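Protein chains: 2
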Amino acid sequence: MVGKGTLYIVSAPSGAGKSSLISAMLEKNPNYAMKVSISHTTRDQRPGEEDGVHYHFVEKQHFLELMDQNVFLEHAEVFGNYYGTSRVWIEETLNKGIDVFLDIDWQGARQIRKQMPQAKGIFILPPSNGELERRLNTRGQDSEEVIAGRMSKAKSEISHYDEYDYLIINDDFDAALMDFKAIIRAERLKQDKQAVKYNGMLKALLSE
Amino acid sequence: MVGKGTLYIVSAPSGAGKSSLISAMLEKNPNYAMKVSISHTTRDQRPGEEDGVHYHFVEKQHFLELMDQNVFLEHAEVFGNYYGTSRVWIEETLNKGIDVFLDIDWQGARQIRKQMPQAKGIFILPPSNGELERRLNTRGQDSEEVIAGRMSKAKSEISHYDEYDYLIINDDFDAALMDFKAIIRAERLKQDKQAVKYNGMLKALLSE
Chain A
1 MVGKGTLYIV SAPSGAGKSS LISAMLEKNP NYAMKVSISH TTRDQRPGEE DGVHYHFVEK
61 QHFLELMDQN VFLEHAEVFG NYYGTSRVWI EETLNKGIDV FLDIDWQGAR QIRKQMPQAK
121 GIFILPPSNG ELERRLNTRG QDSEEVIAGR MSKAKSEISH YDEYDYLIIN DDFDAALMDF
181 KAIIRAERLK QDKQAVKYNG MLKALLSE
Chain B
1 MVGKGTLYIV SAPSGAGKSS LISAMLEKNP NYAMKVSISH TTRDQRPGEE DGVHYHFVEK
61 QHFLELMDQN VFLEHAEVFG NYYGTSRVWI EETLNKGIDV FLDIDWQGAR QIRKQMPQAK
121 GIFILPPSNG ELERRLNTRG QDSEEVIAGR MSKAKSEISH YDEYDYLIIN DDFDAALMDF
181 KAIIRAERLK QDKQAVKYNG MLKALLSE
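Sequence lines, in order, name chains A and B.
Residue 149 in the UniProt record's numbering sits at position 149 of the first sequence, and the numbers go up by one each step.
Residue 163 in the UniProt record's numbering sits at position 163 of the second sequence, and the numbers go up by one each step.
Worth flagging that the hints you see were computed from the coordinates, not collected in a lab.
A hint or two may mislead.
The list cannot tell twin chains apart, which means a pair is met if one copy fits it or any two copies do.
Listed below are the simulated BS3-like cross-link pairs for lysine-lysine, each with C-alpha atoms no more than 27 Å apart in a straight line [said to hold, decoys possible]:
id, residue 1, residue 2
1, Lys153, Lys28
2, Lys203, Lys18
3, Lys28, Lys181
4, Lys203, Lys190
5, Lys120, Lys28
6, Lys114, Lys181
7, Lys96, Lys197
Since the structure is predicted, the reported quantities are computational estimates derived from the model, not experimental observations.
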């Protein structure tokens with residue numbers, strides 16, 4: 001029997017390496033039954049972005065209809081553009097026994113948690129302010145003001161770390177990836193998940 | 001700062017490979033801050049057994065005094081011999097940030113859980129009755145009656161699998177060992193544990 005997958009809410013300040021960790025997790029474990037949720041958005045498609053890979057690009061009218069149909073688990077409006085997470089796709093995927101990663105900030109995380117309290121939260125942290133600043137100064141030539149703005153935004157996100165179940169410190173990337181994988185593996189070993197997966201085996205073991 | 005270690009209650013029917021898994025876990029990860037709790041017992045020391053390694057061998061009178069001093073987290077009397085788990089040693093070890101494995105049956109596990117509800121339970125299962133029977137027929141020449149008795153005892157232990165947090169199926173030993181390690185690693189990543197361990201780093205990240 002296939003049990004339900006687990007929904008993981010993954011948050012981090014930018015510069016913590018969240019996207020790289022999620023990508024590496026999926027690439028290095030192709031047989032591990034995991035997928036990333038792809039958001040719907042009404043914003044314009046940018047060069048290099050693929051529909052259905054980076055986002056589901058939809059017209060505003062269509063987005064509002066989906067909202068009315070209660071398709072989204074959470075949604076937000078940023079600079080006049082809408083972003084939403086499909087409840088329908090997530091539930092279908094979890095029902096197939098596939099774990100789903102939701103790459104989302106602390107505000108979205110709160111909305112999700114209210115509706116799916118069984119979701120597990122993972123928060124990823126950079127090891128220090130110095131390292132964070134180095135990672136946020138992406139081109140090595142950003143102005144002090146721009147970097148200060150990014151740092152302030154990052155600190156605001158970090159202040160919500162205690163709303164999550166797990167905390168990964170991304171100092172050494174490979175170690176952080178092993179941490180990430182250990183969490184996924186251990187959650188699958190939880191007794192209630194295993195009892196569904198090995199239902200037949202358990203019945204046989206307990207039969208006279 | 002060193003956070004507290006986690007107490008793991010590890011149970012299994014005999015034949016599931018519990019002792020081998022615990023031994024391999026400790027041997028292969030010597031720097032991982034884990035120890036096995038060693039029971040006190042009043043029974044006679046057998047050839048090959050070392051005091052302080054397999055058991056703490058004590059006189060009955062001394063055991064009863066320790067019981068009166070509330071030293072034991074749980075104790076049991078089996079065939080006139082006493083067995084006990086030292087609360088003092090466990091608490092001291094956990095306070096040093098070291099995880100402790102407690103190799104104990106479901107009845108002992110219940111006693112422990114009442115007093116230390118933060119303990120995590122791991123139950124180890126064999127993959128099938130056929131495999132269990134093969135493992136219980138250790139010398140390959142035990143009588144049907146003896147094996148049936150062992151099977152019945154094993155099934156009784158198995159029936160309590162749902163009182164534990166995690167369930168490991170020991171079909172392939174290496175995979176079961178990786179499961180075991182993933183649980184220990186993931187539990188250390190729990191937000192409350194990490195927040196203590198990285199208290200200074202978090203303060204620095206959140207300072208202005």
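> Which of the numbered hints above does this structure break?
Replying inline: Per hint list: single violation, 1.
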